[in-house]
Amino acid sequence: MRAVPRAPRIEGRGLLTLLLIGAVGLSALSVPWGGDLVHPGGGSAVGSIVKALARVELSPEFLRITAYAAWTTLRFAVAGVTLALAIGLPLGVVASGVLTRSGGRKTASIVVARFVLALLRSIHELVWAWLFVVAIGLSPMAVILALALPYAGILGRVFADALIDVPEEPLRALRSAGASEIKLLVYGRLTIALPDMLGYGFYRFECAIRSAAIFSFVGVQGLGYQIQLSLDDLLWNEVWTLLIALAALVLLVDAWSSQVRRRLVS
Amino acid sequence: MTHLADTPIIRVENAAKAYSGRLAIAPLSFTVAEGEKVAVLGPSGSGKTTLLHLTAGIIHPDSGTVELGGHATSELGAGEESASLVGAIHQQYDLVGHLSVVHNVLAGRLGRWGLLRSLWSLLSPQDLGLAEDALERVGLLERLYERTSRLSGGEQQRVAIARLLVQDPRVIVADEPVASLDPARARDLLILLSSVASDAGKTLVASLHSTELATEFFDRAIGLRDGLVVFDLPVMELDRGILDDLYHLEVAG
Amino acid sequence: MIAIRERRPATRPGLVRVSAIGFGLLAGLAWGQVLAGGDSGAGDLFRGDTWTRAGEFAGELLGLGAEGESAFVDGALWQNAIGLSVETLAMSVLAAGIAGAAALVSFLPAARNVAYGELGGSRRAVGVPGYMVLRLLFAFTRGVPELVWALIIVFVFSPGVLAGALALAVHNYGILGKLAAEVVENMDTRPARALRGAGANNFQMVLYGVLPQALPHLLTYLLYRWEVIIRTTVVVGFVAAGGLGREFRLQMSYLHYDEVALLLICYLALVIGVDLVSAGLRRLAR
Numbered sequence: 001m002r003a004v005p006r007a008p009r010i011e012g013r014g015l016l017t018l019l020l021i022g023a024v025g026l027s028a029l030s031v032p033w034g035g036d037l038v039h040p041g042g043g044s045a046v047g048s049i050v051k052a053l054a055r056v057e058l059s060p061e062f063l064r065i066t067a068y069a070a071w072t073t074l075r076f077a078v079a080g081v082t083l084a085l086a087i088g089l090p091l092g093v094v095a096s097g098v099l100t101r102s103g104g105r106k107t108a109s110i111v112v113a114r115f116v117l118a119l120l121r122s123i124h125e126l127v128w129a130w131l132f133v134v135a136i137g138l139s140p141m142a143v144i145l146a147l148a149l150p151y152a153g154i155l156g157r158v159f160a161d162a163l164i165d166v167p168e169e170p171l172r173a174l175r176s177a178g179a180s181e182i183k184l185l186v187y188g189r190l191t192i193a194l195p196d197m198l199g200y201g202f203y204r205f206e207c208a209i210r211s212a213a214i215f216s217f218v219g220v221q222g223l224g225y226q227i228q229l230s231l232d233d234l235l236w237n238e239v240w241t242l243l244i245a246l247a248a249l250v251l252l253v254d255a256w257s258s259q260v261r262r263r264l265v266s
Numbered sequence: 001m002t003h004l005a006d007t008p009i010i011r012v013e014n015a016a017k018a019y020s021g022r023l024a025i026a027p028l029s030f031t032v033a034e035g036e037k038v039a040v041l042g043p044s045g046s047g048k049t050t051l052l053h054l055t056a057g058i059i060h061p062d063s064g065t066v067e068l069g070g071h072a073t074s075e076l077g078a079g080e081e082s083a084s085l086v087g088a089i090h091q092q093y094d095l096v097g098h099l100s101v102v103h104n105v106l107a108g109r110l111g112r113w114g115l116l117r118s119l120w121s122l123l124s125p126q127d128l129g130l131a132e133d134a135l136e137r138v139g140l141l142e143r144l145y146e147r148t149s150r151l152s153g154g155e156q157q158r159v160a161i162a163r164l165l166v167q168d169p170r171v172i173v174a175d176e177p178v179a180s181l182d183p184a185r186a187r188d189l190l191i192l193l194s195s196v197a198s199d200a201g202k203t204l205v206a207s208l209h210s211t212e213l214a215t216e217f218f219d220r221a222i223g224l225r226d227g228l229v230v231f232d233l234p235v236m237e238l239d240r241g242i243l244d245d246l247y248h249l250e251v252a253g
Numbered sequence: 001m002i003a004i005r006e007r008r009p010a011t012r013p014g015l016v017r018v019s020a021i022g023f024g025l026l027a028g029l030a031w032g033q034v035l036a037g038g039d040s041g042a043g044d045l046f047r048g049d050t051w052t053r054a055g056e057f058a059g060e061l062l063g064l065g066a067e068g069e070s071a072f073v074d075g076a077l078w079q080n081a082i083g084l085s086v087e088t089l090a091m092s093v094l095a096a097g098i099a100g101a102a103a104l105v106s107f108l109p110a111a112r113n114v115a116y117g118e119l120g121g122s123r124r125a126v127g128v129p130g131y132m133v134l135r136l137l138f139a140f141t142r143g144v145p146e147l148v149w150a151l152i153i154v155f156v157f158s159p160g161v162l163a164g165a166l167a168l169a170v171h172n173y174g175i176l177g178k179l180a181a182e183v184v185e186n187m188d189t190r191p192a193r194a195l196r197g198a199g200a201n202n203f204q205m206v207l208y209g210v211l212p213q214a215l216p217h218l219l220t221y222l223l224y225r226w227e228v229i230i231r232t233t234v235v236v237g238f239v240a241a242g243g244l245g246r247e248f249r250l251q252m253s254y255l256h257y258d259e260v261a262l263l264l265i266c267y268l269a270l271v272i273g274v275d276l277v278s279a280g281l282r283r284l285a286r
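Protein chains in written order, with our numbering: chain A, 1 to 266; chain B, 1 to 253; chain C, 1 to 286.
Any given hint could turn out to be false.
Here chain C is said to cover these stretches of chain B; the calculated rule only asks that three of the stretch's residues, wherever they fall, bring their Cβ under 8 angstroms from a Cβ of chain C [to be verified]:
#, region
1, 94-108
2, 111-118
Beta-carbon label-pair distances, calculated as ranges [stated by the list, open to error]:
#, chain 1, residue 1, chain 2, residue 2, range
3, B, 150, A, 63, 52 to 62 angstroms
4, A, 164, C, 86, 48 to 58 angstroms
5, B, 199, C, 136, 49 to 59 angstroms
If you are wondering where the hints come from, they were derived from the structure by calculation, not from laboratory data. Each residue gets a CB set at the ideal place from its N, CA and C atoms; glycine is no exception.
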């Protein structure tokens, strides 16, 4: 008889899939299935929503409003992301520990920086927004800060990891060429890690546009504010225009981002 | 063993293939009888891979015909008919690294299995006995359930041969099967490939870099250069002069 | 004959440089408008009474100086909050499940190499338009934020866990679909094409050659998205009235800041918990 190995029982991934399906099933149980799950007017609402797609609002006046709202949203997104970079980059560098020599102080600074970053990003931007609005009132800075802080946390962490993940060989070459200045090391790491960091930065920019749109619901001008106005009046054709503008804005940034990254990589 | 001794299993007639305006294979013709072992030799860029892919029906000629077992390759679709006629093995990347060895070997049955059976086999391997026999033949039975990417290059090539055993085609086409292996493993692999072919009377067409291996394991050698057949001889008749003509570097100017 | 290799075009830093300048301009304009407008609030940050107000607010969060009992010692409130946390967790799992399932059935035709028949099969006429429609669908669903989807969905579905889960699912479907399609596009397709030699048809090629590599990635992405989803459920619940989000809204309107802080703690616990579980599950998926 030849020795045939035994078939393995369900391994890690199969178990995982079963677990997940089970979890989803369990969650479905918490939904109060039944008659009043759908609104009484729900069916007709779907109808009017879909029909409005054919009559998307394209009047020049409304398009002007849409364009201005889009520009406002873009402005807030840019301001938020730049502030996030200003906060997150330094924190990220400290959290990666590439600038400090090993020792107690290094560990301490890394831990503190990572903790701050984690705290910043654990709180959702809208929660931050609420905190700021209550503390300093409704104003552009409140919104920008609410965007910048969690994004700083996210960007800082990603940057820290990217700096650490740079392979040793090119750095060794720099070091032996006399770049004992740790700062030069940072520049070495930065140039190598740049495409990935830039890629992620652009992705965050894309998210920032969405976040800025949401913030504008709070009352600061922007696409979200306009969507709320049109929704209140049930003007679905206007809602479609605004949604398309929002999606287009996000898509543009996405396309811009992939183009830049492609040029950097080649 | 051969019913109609004069019907070749492979017939290539005036087949040509061009890529982006450049002729990879000039119109050429040859035949291969069932059970023959043919080595295709030639320098890089001579069109060996294209010729082998044409022979295996992976690509179709732009003009002329390639026939396998009497059927034109352009008419052979996927499925049982083509699977039982011809199978291929390459230098690398034939196997799906993420799957375990047993599934890669049983993939040789895909031509004969329906979709549902193929799907079910991923959960509970079908025709397991075939896979076991094949792996035993190539000496890797104990790796049956391992993830294929964990095997070494030489072992993976042997798994690819096991897949061919399960598929059981009449013709085996091998494109540089040993180019990634060191000389000792290369010899071992060709011993295996050659005996697998001989045991079942299969036809073997392989491209090689090494003329020593060609003379040791094959009956016939076709020399290819710039898409043209330079020679088509029994392996015993190869000599220094002929080989030099085949491989010499063209001096510019 | 020796094929003449085309000269690789010299890297054109043009686009990168232009982009950098362009972005700098944008930033300048954005901040200019913020700081030039008198009511930007930037000045407010540095006013003395802003900080006192902030301090008071922090105090209120901790339940100091409020009439009656601090929320932190009220057992019933904790129980309620925990129940809502479970509901929020369920919403997140449901959302991830729906998004994942929908992405699973639609990511293959959305991959360029599959749709264009580059895998070696015949190029099917239905492939290319299907690819474009799906990519547009992904772009649209992910371009619109979850909150906006939630606002729209409550016109159809009654506010609750399902409405929130659907809003989250629609948005994340676009994200997952795009990521999964890109995995297939970046894949080494030679093993899949080699299966053709064994007589496999298109379906079998995909089943044995594409899915084994793509599915683990999809799973990992799903788990990463789950971490994002749990953070957003609170926000969506605000609008779609489910879980912690609904309670947030309520307590904020009552100005019960210490109860809000209690809910915030539950929220943080959920987020950290999901992050841990997700990391653990991702290790299983290797």
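CB-CB spacing for residue 86 of chain C and residue 164 of chain A relative to the 48 to 58 angstroms hint: violated, 37 angstroms
Chain C covers the region 111-118 of chain B, three or more CB atoms within 8 angstroms, holds or violated: holds (count 5)
Range hint compliance [Cβ, residue 150 of chain B to residue 63 of chain A, 52 to 62 angstroms]: holds, 59 angstroms
Proximity test - 8 angstroms, beta-carbon atoms, the region 94-108 of chain B to chain C, at least three hits: holds (count 9)
Supplied distance hint 49 to 59 angstroms, evaluated on CB atoms of residue 199 of chain B and residue 136 of chain C: The hint (49 to 59 angstroms, Cβ to Cβ) holds, given that residue 199 of chain B and residue 136 of chain C are roughly 56 angstroms apart.
Checked against the numbered hints given earlier, this structure breaks only hint 4.
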